[in-house]
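Colleague: Below are the chains, spelled out letter by letter.
4 protein chains.
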Amino acid sequence: MLILMEAAATLDQAQGVLAFLDAGGLKGRIQEAGEALSVVAPHASKVFKAERLEVLPGVRKVVPITSPFKFASADAAPHPSVVEVAGVAIGGGELVLVAGPCGVESEEQLYAVARYVAGAGLRLLRAGAFKPRTSPYAFQGMGSQGLRLLEGVRREFGLGIVTEATEVDVFDEVEEVADLVQIGARNMQNFALLRRAGRSRKPVLLKRGPAATLEEWLLAAEYVLGEGNPRVVLCERGIRTWSNHARNTLDISVVPAAKCLTHLPVMVDPSHAVGRRELVIPCALAAVAAGADGLLVETHCAPEKALSDGPQALLPTDFQRLVVQAEAVHRARQASPPAPGLAF
Amino acid sequence: MLILMEAAATLDQAQGVLAFLDAGGLKGRIQEAGEALSVVAPHASKVFKAERLEVLPGVRKVVPITSPFKFASADAAPHPSVVEVAGVAIGGGELVLVAGPCGVESEEQLYAVARYVAGAGLRLLRAGAFKPRTSPYAFQGMGSQGLRLLEGVRREFGLGIVTEATEVDVFDEVEEVADLVQIGARNMQNFALLRRAGRSRKPVLLKRGPAATLEEWLLAAEYVLGEGNPRVVLCERGIRTWSNHARNTLDISVVPAAKCLTHLPVMVDPSHAVGRRELVIPCALAAVAAGADGLLVETHCAPEKALSDGPQALLPTDFQRLVVQAEAVHRARQASPPAPGLAF
Amino acid sequence: MLILMEAAATLDQAQGVLAFLDAGGLKGRIQEAGEALSVVAPHASKVFKAERLEVLPGVRKVVPITSPFKFASADAAPHPSVVEVAGVAIGGGELVLVAGPCGVESEEQLYAVARYVAGAGLRLLRAGAFKPRTSPYAFQGMGSQGLRLLEGVRREFGLGIVTEATEVDVFDEVEEVADLVQIGARNMQNFALLRRAGRSRKPVLLKRGPAATLEEWLLAAEYVLGEGNPRVVLCERGIRTWSNHARNTLDISVVPAAKCLTHLPVMVDPSHAVGRRELVIPCALAAVAAGADGLLVETHCAPEKALSDGPQALLPTDFQRLVVQAEAVHRARQASPPAPGLAF
Amino acid sequence: MLILMEAAATLDQAQGVLAFLDAGGLKGRIQEAGEALSVVAPHASKVFKAERLEVLPGVRKVVPITSPFKFASADAAPHPSVVEVAGVAIGGGELVLVAGPCGVESEEQLYAVARYVAGAGLRLLRAGAFKPRTSPYAFQGMGSQGLRLLEGVRREFGLGIVTEATEVDVFDEVEEVADLVQIGARNMQNFALLRRAGRSRKPVLLKRGPAATLEEWLLAAEYVLGEGNPRVVLCERGIRTWSNHARNTLDISVVPAAKCLTHLPVMVDPSHAVGRRELVIPCALAAVAAGADGLLVETHCAPEKALSDGPQALLPTDFQRLVVQAEAVHRARQASPPAPGLAF
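Protein chains in written order, with the working numbering: chain A, 1 to 344; chain B, 1 to 344; chain C, 1 to 344; chain D, 1 to 344.
Here chain A stands alone, though its shape is the one from the complex (with noise of 0.2 Å):
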């Protein structure tokens, strides 16, 4: 359930209604999401009517929350999310932008595309440290020291860091140094890496699984808010098909469909999606105009070079060109009304 307190409700007040559902055996949590203080409560419809909690001091109205999901949920919230990374807003209107190399694998390397991407005007920058990977025997990542290196790169240019924790083991370790942790597609279902990225402080994005549907990839950003983390970002990263012209097959319409039903921020991967360079613009753009409220691409001054995923990784003045188109087409969507249905 959602439970809508009133404008002038105290901090006090919903804190007797969570109070009142701990004794019914039931856990809850504060949003202040909006000009109102809400408690999100899952399955306390189990518990009790909507009458039986609409009368506790400072509850102005209560409402079922219908989805499996129920803190992911497009009820559970009176406007989309917010998630701030490093003080860039996600999900507030603005289109995001995150690039940078598939991996870190040198300080060189990784100076040279966090210099053309602050250069860009980007905030954030993407980069594995550790890299999971298909074979025990392909280019792991740098690690620990990748780390240190992209440590570096956010003193030297201010950029926040976006960077992958593969496994609990190195949750710690990545949680110290990432602004945004990702948890990457083959790890959409990873119950105890989720649950770990819901007792971390630091906000988390969650690829969306190869073969995930919408509400499996929902119930997996679930359990990471289930935990108590509330700073949830979504990201499509394409679809294993028998489609063959690209690696994955971008989903596009996953990104209103996820809007309709939730209200966390949805981003998109064109690099990851496609695979291959010539296609990465053109879906990126497509990604912003389907809605997306960020892209998360790959760029590398080499790609030839590259250690991991250098077919997709945009050229510097591809890149470029990029960030110009992405904000023109953003700004168009913007200026004109926005789309029927969508609840955002």
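Just so you know, these hints were derived from the structure itself, not from any lab.
You may find that some hints are simply not true.
For identical chains, the list gives no copy identity; a pair is met inside one copy or between any two copies.
Below, in silico cross-link-like pairs of lysine-lysine (DSBU-like), each with a Cα-Cα straight-line distance of 30 Å or less [claimed, not checked]:
| no. | residue 1 | residue 2 |
| --- | --- | --- |
| 1 | Lys49 | Lys27 |
| 2 | Lys202 | Lys305 |
| 3 | Lys61 | Lys46 |
| 4 | Lys49 | Lys202 |
| 5 | Lys305 | Lys27 |
| 6 | Lys305 | Lys46 |
Got chain A; can you put chains B, C and D on it based on the hints?
Modeller: What follows is chains B, C and D alone, placed relative to chain A:
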């Protein structure tokens, strides 16, 4: 092979090339696209070396066509093709919007939709008189009577007509009325129908099959082109995958991928792709941003009463919003430089 | 509705039911399957209550057909259908093997294969005279000349002929020669062809489309059945998925799933399903174990010279091994009690 | 490389080879499979030519391993691997049946199932104590308490235990109890868990991910094998496709395809593959016919009360029927000669 003629070459000289090919048992075709003539001859490389052809009068250069489709290949044309339909140029840089109901249901319904479609500035209307339906018990369209109504709409509103020929036996009749004859997704590999379309004097809209790869789609176009009809427009309409939030998965990256491989224009039908009204506009805008030459959308003044596909038809007001937004996104894209790596 | 007649009911009484339905604007059909007559009448429930029909002379009981397909529904027949093809009963409990080359290529090739197919005890041969091909430049079959060779094979070896009608225009000619007319996978929703097959005096083998759901497949069968041809055999031949070790994915569970929903016999074509010779026999045996009524396999005496689909054709010795193993598995399955939950 | 030793070669000589490889910075492993020793050394070909190794004492021949997976490759073993689990040989030619409830729910439930599973002659029981669930609100298993019950079952009925380790943190505990530790489909690319399994002293059952290609599956096995645990059993459990008559699509051809590429045993779990009781037996028999080394099936004495996956659990009587039929099909297949083209 693509045999490029000198800028000053005459039609007689191009016909001389055809005669030479014919003597070798080869078919070819003269193209007038671009600033000079050229001759496309599939499989000429199996009979002649380039040098044998380059000495013919008026020939400037011979280039191989390496893809399995010859007439459809980007290599086979110096420029992207522009297909003219009722005075509207598809593929020439302008965004072409085509809208209308899924099927012709009555004069009243058709005229009501045509009125606001024309009122929004569109010049092409889509509506099926013959409807291919999964079940023999579903509404199969008004048939010939529906074609009569479409003729009326053209007279009354000056709209060009896009309508489907569902089988060889109705092609003559449909061709009489249509300005652009649609081959539906389920018929993409109906080779008899494709060959008939190839002998049509009208341009052809070839929808991608729900399980067709890009290469198979272009080979289907080759059936039409090879019979002598150079006016083919491709149309992506969603593919069948396990992703279940929409009826089909709009394969957005096929738009730029197709443009890498072929000179034919590429449109997108977001309505059939998603099957849910609230996802149509975001996906339509995505298609424009990805570089589609046009959109085919369903709209109905009373979708809840539609005899087919009501849930995906845009309401009149939504439709008008789409027209404004699509144009805005298209202009934003055009204003900034083209995406890299694309042939066109 | 399925209108079951008394055991002693006469044909006249069944025709009386038809006449009654006709007066209500309904089509129906008399079936002789089982120990008594019955009448199938799709949509009769929209016009009449069961009681109205149950009082007609000779009527024993009226049962609803709730599935979207009526004639094809398991509810519409008291027993599984047996389709007789050139003296061979498909669906009657015996395992029916059909083998031959992908296409008729020459008298020499066809007779060589027919000789060892007949020699192995088979009574039906498959081979395409007309071949639907993805590319217009691929071998399209020998056409009418191929049909002549197939007629020769029937005379010479006493084999029944299974061959494909690729389009309406060649149906008459194919029907003349074929004992079982195949509708290919790409034509599963070629409704004109399905309706033509429904007016054929020959039984029809309906292959499942590579992206067709079970329901869509049965609705395609309904097009044939609804036109009056009750002799339809279904054939699974692999579906299109992302799984890339085989050409298609043999959807083995569709065999028992189909048998839950329909009374029609179900065969399997493992050759097209996997496209790799070394996987054909294991998958053929799997199909038999899953309950398929028969197999359609490709074999060629010199697969490396085949003009189409060579890599999937069994060598003569492998083919003979398959015949032995398939029979052994079939007997093992028959000897033990039937799987639970299956209608048949 | 696979370094084959002379029949008379000693363990000391094989260790000499290891030492030589070690000096070149290479890892290797001695195998005792077959009539002679051999040494598998991934990537040795990058450092040494075959001749350098063939002169070492006791070495008979050096053969390359060309596939991306080395320890898992069919090239890396002279014979198919046999993995022994609680006295049962998986991969040795006998059909191995493993059955039990989806999850441990209570002592009563578990013992009831174990009683009839053992009574049917099975020697291995499957049941999850820890359950990975898509939703955080679904039954997550009895955990440690469930493991205690599984220990009881082993003592009471002499059944070996197959149970899942859902995450690294519970591996120690699961390993203590399990005779075969299952890695679930969603964890197929949980590399931390795979590496932990590779350091286990227990054999590992590696389920295929719902969207994993055969190559990705074998590379996942390589993570386990590469850490030093040679006892890996593969298990196909259905893949995610658009085909909607069953929960997943049982990819039956992956069984023979896997056997072409790897020496590891391959089992099939038809219960998770189809998710509907009435399809389980036909698909189980298909798996046996296709050459699977064993089956993993769900059975429950009261499926309608099961806390997870009830609809796919076989009833006790059906289960007993399956045991009889599977054995019959297996014997029929064994009695006839092996399918051609298979390595094993």
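Colleague: Confirm or reject each hint.
Modeller: Going through the hints against the structure:
Taking the shortest alpha-carbon separations for Lys49 and Lys27, only the intra-copy value of 16 Å comes in at or below 30 Å, while the best inter-copy value is 53 Å. Neither within a single protomer nor between protomers do Lys202 and Lys305 lie at most 30 Å apart by alpha-carbon distance, with minima of 32 Å and 41 Å respectively. Only within a single protomer do Lys61 and Lys46 lie at most 30 Å apart by alpha-carbon distance; the minimum there is 17 Å, versus 46 Å between protomers. Taking the closest pair of Cα atoms, Lys49 and Lys202 never come within 30 Å of each other, the shortest separation being 35 Å inside a single copy and 51 Å across copies.
With identical chains, the CA atoms of Lys305 and Lys27 are at most 30 Å apart between copies only, with a shortest distance of 27 Å across copies and 51 Å within one. For a Cα distance limit of 30 Å, the shortest separation of Lys305 from Lys46 across copies, 20 Å, qualifies, whereas the shortest one inside one copy, 57 Å, does not.
The structure shown violates the earlier hints numbered 2, 4.
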